[in-house]
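As given, the protein sequences belong to chains A and B, one line each in that order.
First residue of the first sequence: 13, per the working numbering; consecutive thereafter.
First residue of the second sequence: 13, per the working numbering; consecutive thereafter.
Calculated directly from the structure, the hints in this document are not laboratory data.
You can take every hint at face value.
Derived EDC-like pairs: lysine to aspartate or glutamate, alpha-carbon spacing no greater than 20 Å straight-line:
| no. | chain 1 | residue 1 | chain 2 | residue 2 |
| --- | --- | --- | --- | --- |
| 1 | B | 475 | A | 146 |
| 2 | A | 323 | B | 463 |
| 3 | B | 114 | B | 201 |
| 4 | B | 323 | A | 463 |
| 5 | B | 520 | B | 216 |
| 6 | A | 475 | B | 146 |
| 7 | B | 520 | B | 219 |
| 8 | B | 323 | A | 472 |
| 9 | B | 323 | A | 468 |
| 10 | A | 323 | B | 468 |
| 11 | A | 520 | A | 182 |
| 12 | B | 323 | A | 453 |
| 13 | A | 323 | B | 471 |
| 14 | B | 323 | A | 450 |
| 15 | A | 323 | B | 450 |
| 16 | B | 520 | B | 212 |
| 17 | A | 323 | B | 453 |
| 18 | A | 114 | A | 125 |
| 19 | A | 323 | B | 472 |
| 20 | B | 475 | B | 463 |
Small disclaimer: the values here were computed from a predicted structure and weren't measured.
Protein chains: 2
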Amino acid sequence: MSRGNRPKRGRRAAPSPAVRQPPFRRLAIPYPVYEIASADEVESIHQASLDVLEEIGINFLLDEARDILAAAGAEVTPGETRVRFDRDMVEAAVAKAPATFKAYARNPAHDLEFGGNAINFGLVSSPPNASDLEGGRRTGNFADFQDFIRLGQAVNAIHLIGGYPVEPVDLHPAIRHLEAERAVIRLTDKIAAGYCLGRERIRDSIEMARIARGVDAERLVSEPSIFTVVNANSPLQYDAPMLLGIIEMARHGQPVTITPFTLSGAMAPVTVAGALVQQNAEALAGIAFAQLVRPGAPVLYGGFTSNVDMKSGAPAFGTPEYAKAVLIGGQLAQRCGVPYRSSNVNASNAPDAQSAYESQMSLWPCLLAHANLVKHAAGWLEGGLSASFEKVVIDAEMLGMVGAFLDPVAVGEGDLALSAMREVGPGGHFFGCAHTLERYETAFYAPLLSDWRNFETWEEAGKVDATWRAHALYKRLLAEYEPPPLDEGIAEELDDYVDRRIAEGGIKTDFGGPGKGSRA
Amino acid sequence: MSRGNRPKRGRRAAPSPAVRQPPFRRLAIPYPVYEIASADEVESIHQASLDVLEEIGINFLLDEARDILAAAGAEVTPGETRVRFDRDMVEAAVAKAPATFKAYARNPAHDLEFGGNAINFGLVSSPPNASDLEGGRRTGNFADFQDFIRLGQAVNAIHLIGGYPVEPVDLHPAIRHLEAERAVIRLTDKIAAGYCLGRERIRDSIEMARIARGVDAERLVSEPSIFTVVNANSPLQYDAPMLLGIIEMARHGQPVTITPFTLSGAMAPVTVAGALVQQNAEALAGIAFAQLVRPGAPVLYGGFTSNVDMKSGAPAFGTPEYAKAVLIGGQLAQRCGVPYRSSNVNASNAPDAQSAYESQMSLWPCLLAHANLVKHAAGWLEGGLSASFEKVVIDAEMLGMVGAFLDPVAVGEGDLALSAMREVGPGGHFFGCAHTLERYETAFYAPLLSDWRNFETWEEAGKVDATWRAHALYKRLLAEYEPPPLDEGIAEELDDYVDRRIAEGGIKTDFGGPGKGSRA
Chain A
13 MSRGNRPKRG RRAAPSPAVR QPPFRRLAIP YPVYEIASAD EVESIHQASL DVLEEIGINF
73 LLDEARDILA AAGAEVTPGE TRVRFDRDMV EAAVAKAPAT FKAYARNPAH DLEFGGNAIN
133 FGLVSSPPNA SDLEGGRRTG NFADFQDFIR LGQAVNAIHL IGGYPVEPVD LHPAIRHLEA
193 ERAVIRLTDK IAAGYCLGRE RIRDSIEMAR IARGVDAERL VSEPSIFTVV NANSPLQYDA
253 PMLLGIIEMA RHGQPVTITP FTLSGAMAPV TVAGALVQQN AEALAGIAFA QLVRPGAPVL
313 YGGFTSNVDM KSGAPAFGTP EYAKAVLIGG QLAQRCGVPY RSSNVNASNA PDAQSAYESQ
373 MSLWPCLLAH ANLVKHAAGW LEGGLSASFE KVVIDAEMLG MVGAFLDPVA VGEGDLALSA
433 MREVGPGGHF FGCAHTLERY ETAFYAPLLS DWRNFETWEE AGKVDATWRA HALYKRLLAE
493 YEPPPLDEGI AEELDDYVDR RIAEGGIKTD FGGPGKGSRA
Chain B
13 MSRGNRPKRG RRAAPSPAVR QPPFRRLAIP YPVYEIASAD EVESIHQASL DVLEEIGINF
73 LLDEARDILA AAGAEVTPGE TRVRFDRDMV EAAVAKAPAT FKAYARNPAH DLEFGGNAIN
133 FGLVSSPPNA SDLEGGRRTG NFADFQDFIR LGQAVNAIHL IGGYPVEPVD LHPAIRHLEA
193 ERAVIRLTDK IAAGYCLGRE RIRDSIEMAR IARGVDAERL VSEPSIFTVV NANSPLQYDA
253 PMLLGIIEMA RHGQPVTITP FTLSGAMAPV TVAGALVQQN AEALAGIAFA QLVRPGAPVL
313 YGGFTSNVDM KSGAPAFGTP EYAKAVLIGG QLAQRCGVPY RSSNVNASNA PDAQSAYESQ
373 MSLWPCLLAH ANLVKHAAGW LEGGLSASFE KVVIDAEMLG MVGAFLDPVA VGEGDLALSA
433 MREVGPGGHF FGCAHTLERY ETAFYAPLLS DWRNFETWEE AGKVDATWRA HALYKRLLAE
493 YEPPPLDEGI AEELDDYVDR RIAEGGIKTD FGGPGKGSRA
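With the rest of the complex left out, here is chain A (with noise of 0.2 Å):
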């Protein structure tokens, strides 16, 4: 943790204002998608997967599954969990996923579009650690997990909650999804995840999703309200909790971001593009699952291909290979007709330089693939490993730019500006023109965390560098959060079934089968 350039406290006297920031927006971009692989090579890829899928094939390691499999005509032989799919088959069942979905938010004013040309800001999930300068690291509590949940809801640029922002490994795991949801549920009117840990665990967070957005059953089923995300155990398996996450997500039409972990060189080939065949492969495989389950369920492809350090095998995030990977997986997405996930990702150990470089040889390529769902957006530190409160300030920034920089050039004939040249004349400045004073309150992105002022100024201040001011920030964007309005009925409702269901004992923590649940 960076101990430098500390603001010094006899400094804070004076109340701050409040923290100013753009409004929440759904964003879309109105540039092209950035093809860096010809079509041609783009198939090349696509059909290398189908020949995996119908050679080698993907182990199902659930009963259910490989039963649903053979009866849609999968090449499925008893007592075996490797299941072998025909092209035709696969492609026939992946055009059954919408090309586009609504999802709905307990807050309308916090609906997102998926697909097209819609991206969508996540914050960090999943990390078992949480992190910020003062405290250092520490193991992931509901304490910290409930503070990302209001920086979550404060931070404009943030569109959703990914899943758990740390693990709160101080709730007993048989009723952690249930305090930790009902948090979620209070702290923020933004869209959620819940996790596909069985069965059990994941009909709770659909239920919970169902009262938060004060719904019946039968609606929820056209209204999907939580995410989740299913890794694929790679290589070339799925494992009984992310499969039966498949089944209960898809029977009840809420999202499954199906998001194979092919780092390449470990799970996955040392080419970035065998690691994406692998990708593409395991992504057909689980959304065509899903479409078996329910055709049309909603379903996002995930890219998560990175490589490792082929030194010490430790995964790296935001390098050159995975900016390739995340730009040729969107046009494999697209190759499927399919909403797009990617992530803003980065192997630092501190909210450092690094971590900033590597973030944004992330997301420009998010940006550039036209990731609808960018998902550790905001926070992610140490490939993951980490949530960091000063990261997700550094990537509120980072965000805020992204989505200034789609706001297109106007070339109107006031934008082009002609009247304020012949105003101003050659030598002259354009601070007091006419043209000036009419636009420079709104004219250009304000920064949240960067600091334009002149050196000697900022010396005068105490040098506080970005990361430390990110940490100030914050602290301010926690002291001045509120908690969103909650429906007093829907508050009761939601507290007697978390309160019945922990009362129950919550779920059996064996859950009946292999993983870890999703890390990605």
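Start from chain A and add chain B according to the hints.
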């Protein structure tokens, strides 16, 4: 300056291996230009620029320049500095500029191409201050100047020296260019730049470049060997030193980068489109003027449009507006058929997370726009008021990642890796398979600065953040630096020339007109 995370001195005992970095190589972008404005929108801006040149005109603050313009048919009124241009005349003159050209280093391995899909990275140039974590910020001086040049030579990701990396103010202005450029020729065999500060100075620079290359004056004219940057004195004005620079450089066949200094809201309109109209008008006027001096003279279209902080008037860099201006600026340069110059910029006061994310908000647009020359690619800080030793290394990592990103993903049979997936099968791993063993050593970009060790190892090693690691790396690069070989005859001729000119007193430091030299 960051005071935290400094490596403990006791840990430095073991000798370090040589700094590992990818080799020097010329880069070409295999991916398309990313167009965020439509052809119609680009044409609207271009035509508005021609309106500016016809109707408002540009001040040319040099009689000799106005004589050249009048002779070519521009509208010049005796006794007035304002010159107006017929649009057809401007377009005809600009059309004479070469779309591509080669530039020659004194080491042919460092020759470069400009235009098309080539991208070249230049060392920081022109800040008045130097800084590093230990020494803090200090006024530019010749010792730091030489260390920066050594880094420019040592860092393979840097293709050329864009100017003085920091102003060596301890050299008297009358002889500064002589001593400074002699040092550049001795310390690096990469292409470098001189300054347009009047006729005598730039003639000295051209002559020294000729000597360094060991060619005669005639051959120099057909072999660009030294660059310069000419900033318009925006809005709509060129001063005498700049115009003399264009005249001398064009007559000698040496490339001029015509870069309007169009800060939106200050020296240019407050709208991005308006600032681009002005940038384009000024660039077209400068490029046309160079072509009138000598048809076919190599030029670059320089884009430097950014915005100011409307609260303080301070310039901001690496903003969303900057990103859009870089991209549309590239489209305008391509409309002119002239190589494009842009920059890797930021406004941070420290080599921290802000400096990294603002740089990435510059670098990605440079790459996407096919900027052929990226000035300030390594070491710029504080909006150009400081050259930072640590930022050179942080940028070198980012440039290395860009270079690796430009290697397209291969999709041959071996790359698609079906054999590896057959060998490994579901549930296995790829660490030891034949496909991996054949490729792992060169499969991925190996970082210069990024630390991918796990948190515990990083913590045990002293929690050194990226900025302090960059500090250690720049020191190691300087310790390992070796001057490139220089032919003895050339060294002698260079010394004869420089010593004679110094003995003559150098140049008059009042060079006959307003102007402070190009800062951008």
